[in-house]
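Full structure from sequences and hints, please.
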Amino acid sequence: MSELKQEYKPLIVAFCCNWCSYAGADLAGSNRLAYPADVKIIRVPCSCRVNPMFILRAFQRGADGVILCGCHPGDCHYTTGNYYTRRRMSMLFSMLDYLGIERERTRVEWVSAAEGAKFAATMNDFAKKVASLGPNKRLEDLRCKP
Amino acid sequence: MTNEQLKQEILRISNVNVTKCMKCGKCTASCPAYDEMEYHPHQFVSMVNNGDIQPLLNSESIYRCLSCFACMERCPRGVEPAKLVEAVRLMAVRKQGANRMKAEDVPCMLDENTPGQLLVSAFRKYSK
Amino acid sequence: MQRIGVFVCWCGSNIAGTVDVHAVAEALKNESGVVFSTDYQYMCSQAGQDIIKNAIAEHKLTGIVVCSCSPRMHEATFRKTAAAAGLNPYMVEIANIREQCSWVHKDMLSGTEKAVILGRAAIAKVHLNAPLTPGQSPVAKRALVIGGGIAGIQTALDIADAGFPVDIVETKPTIGGKMAQLDKTFPTLDCAACILTPKMVDAAQNELIKIYSYSEVSQVSGYVGNFDVTIKRRARYVKEDLCTGCGLCTEKCPQKKVPNEFNLGMDNRRAIYIPFAQAVPKIATIDPDYCTMLKTGKCGICSKVCTAGAIDYTAKDEYITEKYGAIVVATGYNPISMEKFDEFAYSQSKDVITSLEFERLTNAAGPTAGKLLRPSDGEHPHKIVFVQCVGSRCDSCAEKGKEYCSKICCMYTAKHAMLTRDKYPDTEVYVFYIDVRTPGKAFDEFYRRAVEEYGVHYVKGMVGKVVPQGKKLMVQASDLIDGKQLHIDADLVVLAAAIEPDKSARPLATMLTASMDTNDFFTEAHPKLRPVESPTAGVFLSGACQGPKDIPETVSQASAAAAKVIGLLCKDHLTGNPCVASANEMLCSGCSQCANVCPYGAITYSEKEFRMPNRTTLMRRVASVNPAVCQGCGACTVACPSGAMDLNGFKNNQIMAEVDAICRN
Amino acid sequence: MKVTYFPGCTLKNKARDLDEYARKSAEALGITLEEPETWQCCGGVFTTANDEVATKLSSVRLLKAAAEAGQPLVTVCSACHNVVKQTNYAMANDPTFADRVNRYMAEKTLYTGDTKVYHYLELLRDVVGFENLAKAVKKPLTGKKIGAYYGCLLLRPGKVMGMDDPENPRIIEDLIRALGGEVVTYARRNECCGGYVSAESPALAKKNSNLIAENAASAGAELLVTACPLCKYNLEKNGSSVPVVYFTELLAEALGLKEDAND
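Residue numbers (the working numbering), protein chains in the order written: chain Z, 1 to 146; chain S, 1 to 128; chain H, 1 to 665; chain B, 1 to 263.
Don't read these hints as lab results, they were simulated from the structure.
Just to be clear, a hint being listed does not mean it is correct.
[What the hints assert, rightly or not] Here are the simulated BS3-like pairs of lysine-lysine, each with C-alpha atoms no more than 25 Å apart in a straight line:
#	chain 1	residue 1	chain 2	residue 2
1	H	282	H	172
2	H	402	H	257
3	B	159	S	102
4	H	471	B	207
5	H	472	B	206
6	H	400	B	159
7	H	106	Z	9
8	Z	128	H	106
9	S	20	H	340
10	H	256	H	184
11	H	400	S	20
12	B	159	H	402
13	S	20	H	460
14	H	423	H	471
15	H	232	H	350
16	H	484	B	159
17	S	23	H	340
18	B	2	H	350
19	H	472	B	207
20	H	29	H	53
21	H	232	S	20
22	B	237	S	102
23	B	207	B	2
24	H	460	S	23
Everything numeric in this text was worked out from a predicted model, so none of it was measured.
This is the structure:
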């Protein structure tokens with residue numbers, strides 16, 4: 001049983017904006033800063049492209065944590081996109097909270113193109129937190145399982 | 001109390017954000033009681049920030065502030081030094097037996113025109 | 001059903017060292033739609049690209065997935081490869097298995113497993129890709145510069161230099177802006193007029209530059225390369241083509257009591273006036289607020305003395321419309337009002353002045369012909385107090401002033417102090433400062449000279465109160481270094497007022513759909529990397545409209561903006577990014593949510609007729625996206641409540657497919 | 001119009017003029033001043049301390065009484081005005097403070113700073129209107145060079161008092177003009193006279209009062225008007241070269257009510 005527990009690998013979906021965070025993730029790679037392979041990145045043009053629906057879909061399909069990364073406030077390539085993100089996500093997260101989804105399963109983080117180290121540290125920390133929470137059961141739709 | 005505790009107490013009473021100060025000295029430039037004060041408004045801000053409350057508590061300066069709010073009004077950063085002076089003075093006079101002004105002091109302050117307002121205000125400022 | 005080819009790159013050992021590339025290629029072969037899968041040492045090499053091209057031809061591929069380095073590295077390369085093989089370049093997706101896989105994971109097992117998942121996600125996305133063609137739009141080869149100060153003039157000259165026509169729109173009767181009002185310029189102390197007026201003349205004489213003075217922009221529509229701008233030409237009651245600028249009318253006009261704004265109201269001008277001797281265009285203007293003829297119909301002296309017959313009391317505002325490819329905003333700044341800072345007694349004494357007024361007082365063409373005299377009694381001041389940071393660096397809760405540093409005051413005050421001491425060594429000069437900020441070439445040296453060579457008293461502290469008493473100004477201030485309260489009986493007090501964007505900037509920003517910060521400065525597309533472009537395509541920023549700036553900085557930004565404009569006007573057509581939003585009219589309810597969040601004003605609405613059952617039709621309001629203006633951020637797609645708005649290249653179902661593929665264990 | 005009128009302690013003895021002329025003028029201008037049957041001291045000074053509740057309660061009771069009468073509250077003395085307005089502002093804008101006060105008072109209804117507080121000057125400006133006041137003037141103060149003396153409490157803190165520009169006030173100047181007088185402006189009109197510190201340090205009060213009087217005199221003022229008994233006391237005690245009167249006295253004089261008082 002304890003062995004099984006160690007085997008547990010969380011599934012983490014990371015949405016990264018093309019201009020800052022995705023570049024930050026690339027920089028983490030160039031600098032060989034390791035983080036768990038559980039993190040899978042999806043590229044979006046801007047963090048404001050992320051529809052709350054995408055995050056719910058990820059949970060429904062069995063993701064254990066979803067993190068959304070964008071440019072720092074004021075640095076958005078599209079000027080104001082990350083402000084929309086911030087507002088939308090605070091709404092979504094409070095709704096998830098209401099549904100009983102642990103607050104630590106979701107996160108918004110600002111990572112610039114220069115912050116490779118921050119990207120890696122963030123992913124390590126997030127993966128650890130999510131792993132400590134165990135598998136996401138509440139929102140997972142078993143009918144979606146093969 | 002430690003310096004830090006004293007500082008926190010002053011900040012609690014006054015609700016002033018001392019870190020906003022940019023050390024321009026406009027408060028002190030505006031102060032009409034400057035000559036009678038040992039520590040001046042800008043020093044209150046900086047000394048509270050540094051936790052140097054004890055010298056302020058022991059200083060006559062806290063009884064010389066006119067509470068005219070000129071420093072508050074003119075501060076470009078909205079720091080409100082007058083509230084710090086008030087907080088330090090209250091900390092001093094709130095101690096048992098630390099009243100600055102006593103009823104028996106009053107007669108020698110009076111003249112035929114002294115308005116009641118003066119006595120009420122002075123008692124409020126100097127005594128608890 | 002797509003026919004998909006998968007190409008897994010080794011990147012030498014960069015990928016192959018941690019990812020079993022053969023296994024990845026094999027695993028992905030089993031994905032639905034994949035008809036070809038292979039791996040190769042360097043996919044980006046010529047040989048690697050040939051493999052892709054051949055496979056496209058041989059297997060009739062409709063989409064390809066390259067598992068390689070970051071798309072930020074080689075997406076463009078592989079798109080070109082696809083295009084060369086006749087495949088739409090937007091049918092290419094990259095799975096980033098280097099930066100985001102092999103380089104950050106240590107063991108082969110998990111690396112390979114993740115690479116397969118990333119490949120699977122890319123395949124899932126390609127299934128939903130559609131060929132995209134970038135739109136093309138023509139470019140009107142003419143630029144508009146709004147504002148005719150040094151920023152606008154420099155931008156216009158540089159654009160004209162490259163051979164493109166430029167129009168300058170200036171609200172005042174002359175170009176020249178604030179710089180024309182200055183006396184000397186720091187840190188070299190050359191006279192402002194001597195270096196500015198030749199540029200004004202260059203602009204006037206340049207055949208490619210047209211100056212619309214006494215005019216303003218009243219309407220803007222269109223988008224990058226294709227702006228339609230309406231310019232309001234205010235009636236100046238003087239025919240521009242006839243007036244010779246002789247100035248006779250301005251001498252004969254009987255209305256002598258008009259505050260002269262060029263000298264900041266420190267002297268008077270006539271109702272018909274030419275702002276200053278070197279004005280461009282040098283044409284008279286009638287001030288309708290003061291002209292007796294226009295107000296009462298009785299006078300007409302200027303018309304009588306004008307030998308050119310240029311006076312026209314019946315003139316009306318005119319509107320002209322012109323097409324522009326690019327617009328440069330150069331609306332500049334103004335000192336803030338001193339109304340709320342009356343502790344300095346600005347409203348109470350004529351001898352408390354702002355720094356810009358001081359410039360006029362020391363300017364040879366100013367109200368005192370360059371002699372430094374007190375405005376109240378015309379006497380020479382012997383003690384002058386300069387106060388820095390008046391209204392700058394204020395906290396927002398202080399409810400007056402500006403939060404930012406106005407940037408130019410430290411240097412011009414040093415200049416004023418130095419020039420005063422140089423011309424009038426018997427005058428004592430005090431400068432009250434909070435910090436002296438001199439980051440600029442030869443700036444700190446300049447300030448030090450004021451202190452060391454000219455004996456200016458710099459006092460760290462602030463002025464709290466200025467009390468006019470008799471002929472003196474009693475200045476009460478703090479000296480924080482000496483721990484003193486100073487009382488100075490000054491003859492003149494000069495306030496370094498904070499500067500703010502011109503009031504015309506806010507309505508202009510609305511017309512241009514260009515964004516502004518909370519202080520009404522225009523925001524740049526990127527604070528570090530795109531400092532002269534507005535986020536709105538085709539709109540560029542020059543000078544202090546973007547933030548406080550001194551002349552050297554303004555001129556460099558003006559030229560930089562010109563370079564950007566030239567780069568744009570050089571093109572015959574603009575090729576857009578096809579990854580833009582588009583609205584599904586069948587789903588759109590015309591609610592305007594998308595337009596509200598669009599930072600570019602790319603979304604418009606129109607009434608459209610839709611066919612309904614039984615041969616009826618229905619008019620509905622629907623959104624449409626201008627692909628030339630849309631930058632593809634996707635904010636609208638999330639705001640859209642009906643799901644009508646989607647983003648090409650990053651469609652809802654594409655991202656959802658990626659999510660599904662990643663979560664499919 | 002009926003308003004709740006709070007004279008305060010000093011107006012009941014040393015500053016009877018301030019009170020008496022305020023009442024007469026109001027009557028003449030069609031405003032009924034209703035003094036509450038019982039009232040306490042305003043509190044004397046408003047302590048800026050966050051944690052002090054008891055010293056502010058008497059003002060809250062007064063504000064609450066006005067609220068219950070459904071009337072605005074009018075004060076005349078600068079100090080009362082300052083205390084009452086600051087207390088009202090705290091009740092309206094500091095929920096923690098308001099909550100503590102309401103709990104302490106334990107009354108049936110809560111008070112949340114809804115009463116509109118006017119200084120008598122504001123009443124003249126905003127309710128009567130200076131243009132209307134000018135029309136009611138019977139004996140204009142023609143030829144009198146008058147300086148306004150605001151002191152500190154009437155204007156500051158500007159954000160809370162919301163009466164006038166604290167650095168360049170004009171409300172008393174406008175009043176003087178409406179009454180037909182000639183206005184003399186001088187810079188020290190918003191500087192402190194020395195206030196209650198004159199109890200401890202008469203020298204400080206003397207210095208400040210003299211600076212103010214000198215500044216006013218050099219600007220040509222022949223008369224100073226004030227709304228504050230303590231200002232008047234300090235200026236007069238320290239031998240102001242310029243006579244000091246209450247603004248209500250000037251008002252009554254211009255409205256032709258003063259002789260009646262003397263009769």
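Next item on the list: Run the structure past the numbered hints and jot down the numbers of the failing ones, going up.
Entry: 2, 3, 10, 15, 16, 18, 21 and 23
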